[in-house]
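All chains should be modelled from the sequences, with the hints used to inform the complete structure.
Each chain, letter by letter, is given below.
Protein chains: 2
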Amino acid sequence: MAAKRSGAESKGSARRGVSPRSGQPPRNEPPLSLERIVATAVELLDAEGVDGLKMRRLADRLGAGAMSLYWHVGNKEEVFDLALDSVLEYRGPPEIDASQDWRGEIVHMLEDWRASMLRHPWSASLLPRRALGPNTLSRLELLSKTLSGAGVADADLNVAIWSLWNFVIGATTTRANFDLSDDDRTAAQQRLTGLSQDYPTIERSRLLLDNDWDGAFRKGLDFLLDGLAPRQ
Amino acid sequence: MAAKRSGAESKGSARRGVSPRSGQPPRNEPPLSLERIVATAVELLDAEGVDGLKMRRLADRLGAGAMSLYWHVGNKEEVFDLALDSVLEYRGPPEIDASQDWRGEIVHMLEDWRASMLRHPWSASLLPRRALGPNTLSRLELLSKTLSGAGVADADLNVAIWSLWNFVIGATTTRANFDLSDDDRTAAQQRLTGLSQDYPTIERSRLLLDNDWDGAFRKGLDFLLDGLAPRQ
DNA sequence: CAATTTAATCGTACGACGTACGAGTCAATC
DNA sequence: GATTGACTCGTACGTCGTACGATTAAATTG
Numbered sequence: 094m095a096a097k098r099s100g101a102e103s104k105g106s107a108r109r110g111v112s113p114r115s116g117q118p119p120r121n122e123p124p125l126s127l128e129r130i131v132a133t134a135v136e137l138l139d140a141e142g143v144d145g146l147k148m149r150r151l152a153d154r155l156g157a158g159a160m161s162l163y164w165h166v167g168n169k170e171e172v173f174d175l176a177l178d179s180v181l182e183y184r185g186p187p188e189i190d191a192s193q194d195w196r197g198e199i200v201h202m203l204e205d206w207r208a209s210m211l212r213h214p215w216s217a218s219l220l221p222r223r224a225l226g227p228n229t230l231s232r233l234e235l236l237s238k239t240l241s242g243a244g245v246a247d248a249d250l251n252v253a254i255w256s257l258w259n260f261v262i263g264a265t266t267t268r269a270n271f272d273l274s275d276d277d278r279t280a281a282q283q284r285l286t287g288l289s290q291d292y293p294t295i296e297r298s299r300l301l302l303d304n305d306w307d308g309a310f311r312k313g314l315d316f317l318l319d320g321l322a323p324r325q
Numbered sequence: 094m095a096a097k098r099s100g101a102e103s104k105g106s107a108r109r110g111v112s113p114r115s116g117q118p119p120r121n122e123p124p125l126s127l128e129r130i131v132a133t134a135v136e137l138l139d140a141e142g143v144d145g146l147k148m149r150r151l152a153d154r155l156g157a158g159a160m161s162l163y164w165h166v167g168n169k170e171e172v173f174d175l176a177l178d179s180v181l182e183y184r185g186p187p188e189i190d191a192s193q194d195w196r197g198e199i200v201h202m203l204e205d206w207r208a209s210m211l212r213h214p215w216s217a218s219l220l221p222r223r224a225l226g227p228n229t230l231s232r233l234e235l236l237s238k239t240l241s242g243a244g245v246a247d248a249d250l251n252v253a254i255w256s257l258w259n260f261v262i263g264a265t266t267t268r269a270n271f272d273l274s275d276d277d278r279t280a281a282q283q284r285l286t287g288l289s290q291d292y293p294t295i296e297r298s299r300l301l302l303d304n305d306w307d308g309a310f311r312k313g314l315d316f317l318l319d320g321l322a323p324r325q
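Protein chains in written order, with this note's numbering: chain A, 94 to 325; chain B, 94 to 325.
A couple of the hints might just be wrong.
Calculated cross-link-like contacts (lysine to aspartate or glutamate; reagent style EDC-like; alpha-carbon spacing at most 20 angstroms) [said to hold, decoys possible]:
| hint | chain 1 | residue 1 | chain 2 | residue 2 |
| --- | --- | --- | --- | --- |
| 1 | B | LYS312 | A | ASP249 |
| 2 | A | LYS238 | B | ASP291 |
| 3 | B | LYS312 | A | GLU170 |
| 4 | A | LYS312 | B | ASP247 |
| 5 | B | LYS312 | B | ASP247 |
| 6 | B | LYS147 | A | GLU170 |
Selected chain B positions facing chain A (Cβ under 10 angstroms, derived; list incomplete) [said to hold, decoys possible]:
| hint | residue |
| --- | --- |
| 7 | TRP195 |
| 8 | GLY197 |
| 9 | SER256 |
| 10 | GLN283 |
| 11 | GLY287 |
| 12 | ASP291 |
Short derived list, chain B residues pointing at chain A, Cβ under 7 angstroms [stated by the list, open to error]:
| hint | residue |
| --- | --- |
| 13 | PHE173 |
| 14 | LEU175 |
| 15 | LEU230 |
| 16 | LEU233 |
| 17 | LYS312 |
| 18 | GLY320 |
| 19 | LEU321 |
It is worth saying that the hints were derived from the structure and are not from the lab. Since the model is a prediction, treat every value here as computed from it, not as a measurement. Virtual Cβ for every residue (Gly too), placed ideally from N, Cα, C.
Structural data, given as structure tokens:
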């Protein structure tokens, strides 16, 4: 029976202590494991982007045969899902729960969210297409709890959460996209400036020229929070 | 010289009137053209999704050989870009420019934007990854002009536009993603309900259970606009 | 201890894909 | 009639995900 490892977590099982293995090629790599596969997939994605992740290349980096991966994962899509969720873990706010400042807490979590994804730009283009992993759900739960504690009515909670989610997703995917290749960007800017008679107001608003993405995110988020829960 | 068609628009050139062509298979298809390729690509994407678009299949639908496409487009990516932008055309508000109601105008354009993308769910996962086409830029220009006319300060214009863009992109990609496959969704809901002790507030807010996406979009957009330009 | 089962690895091979290359077909032009 | 240029397409190559089954080594059982 060629049963695959499924729902269960990786057992690890620490096969062999240090014995250098009797096989011809002196394998000094540690054995395969889900953790190692996912971690290496993240490395590879960071280095080569979404299109750079090939099962053979991933296996190479792991010092394994391509087909060995399939004992640990069902298919390539699963690798994407796992890599994505692994990057979205949240460690919580720094100070000792200043549970007063709900607004600061939300801003911190969302900025951290965005930062995590921008550290791994491929994640931005992956997230919208994938199911919600446990780390994503945890962030949503925290968001719900904080907003609810801040007095947002249950009837508005749903909308509030989605609005913030939408904002983060939109901001991050857009930013990550413009990040790829500075030359592309300058080319696009030049093209746009050439077309500035077609888009005069865009030109005037310096929409694509300013580079203060962090500031724009923060300010936009403030606007949105103002709308969701007007200060006093 | 195997020069490719480039920047120039498709000349059409109406070769042959009705002559049934002397070749063996009686080709009654009209000749290839960029328009026909893009239109058929949209059909195919609607029917089969992003992964369903293969150059061979597209050529089949067009009654052509796979390699014939490459006279009209540079590569598959270009097909994606063209299909995406073709779906994002905006025809403007219905009534005869009630240029008073800037807020209504913005809401109309953004709701139309979202609707266009949801009519072609593949576009939602494509847009964040692609350069801005002319139709997208037109919408941004309209947005800029309207906000500016509504009295939004030039200093805030940039942030306002990005915030609205982010909201639309996030809302649409998320919605389009959840749309694919009802069975997947019920399965996910069941999985979530099973995990409801881990995510109690999500459960309580009915985050993934309510289906009023349109209402949530509209309400969230209102909140955001409230924050961007407080009424009076 | 030997026999068996289980966990894990990996070589080979297959079908599908994007597309490079160059030969082919036709209408328009000289 | 010869040439040119716009357009079509069959073949072929390299690459990808992964099905299949052989192989090995550890764990378990007698």
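Verification of the hints:
no.: 1; hint: LYS312(B) x ASP249(A); in the structure: holds, 9 angstroms
no.: 2; hint: LYS238(A) x ASP291(B); in the structure: holds, 12 angstroms
no.: 3; hint: LYS312(B) x GLU170(A); in the structure: violated, 34 angstroms
no.: 4; hint: LYS312(A) x ASP247(B); in the structure: holds, 14 angstroms
no.: 5; hint: LYS312(B) x ASP247(B); in the structure: violated, 26 angstroms
no.: 6; hint: LYS147(B) x GLU170(A); in the structure: holds, 19 angstroms
no.: 7; hint: TRP195; in the structure: violated, 13 angstroms
no.: 8; hint: GLY197; in the structure: violated, 17 angstroms
no.: 9; hint: SER256; in the structure: holds, 4 angstroms
no.: 10; hint: GLN283; in the structure: violated, 13 angstroms
no.: 11; hint: GLY287; in the structure: violated, 12 angstroms
no.: 12; hint: ASP291; in the structure: holds, 7 angstroms
no.: 13; hint: PHE173; in the structure: violated, 13 angstroms
no.: 14; hint: LEU175; in the structure: violated, 16 angstroms
no.: 15; hint: LEU230; in the structure: holds, 6 angstroms
no.: 16; hint: LEU233; in the structure: holds, 6 angstroms
no.: 17; hint: LYS312; in the structure: holds, 5 angstroms
no.: 18; hint: GLY320; in the structure: holds, 3 angstroms
no.: 19; hint: LEU321; in the structure: holds, 5 angstroms
The structure fails hints 3, 5, 7, 8, 10, 11, 13 and 14 (numbered hints given earlier, in ascending order).
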